[in-house]
Amino acid sequence: MPNKFVQQNQGNIFGNQPTFYQYLNPQQQQQQQQQQQQQQQQQQQQQQQQQQQQQQQQQQQQQQLQYQQQQQQQQQQQKKNIRK
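Residue numbering for the sequence shown follows the UniProt record's numbering, starting at 1 and increasing by one per position.
All the given hints hold, so there is nothing to weed out.
In silico lysine to any residue, SDA-like type, Cα no more than 25 Å apart, as pairs:
hint, residue 1, residue 2
1, K79, Q68
2, K80, Q70
3, K79, Q66
4, K79, Q69
5, K79, Y67
6, K80, Q68
7, K80, L65
8, K79, L65
9, K79, Q64
10, K80, Q69
11, K80, Y67
12, K80, Q66
Because the hints were derived from the structure by calculation, they are not lab data.
With these hints in hand, go ahead and build the complete structure from the sequences.
This is the structure in structure tokens:
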């Protein structure tokens, strides 16, 4: 089992040992860890949303390219018509 107190007590003189207050109130420490995990999950969700936005932007760019190609094709057809 990894030591639960490593992250919260890095500046502790006693190394990784819990402080006296943590011995008295272990429940509070667990709550803090759970909150940290929840925050991490929220961050992951935000990252996923950003990725989705990037994908949407790429799709829009592709659509613009297609539109430009269509315009070029129309111009070429007009030139051919004039030559006739």
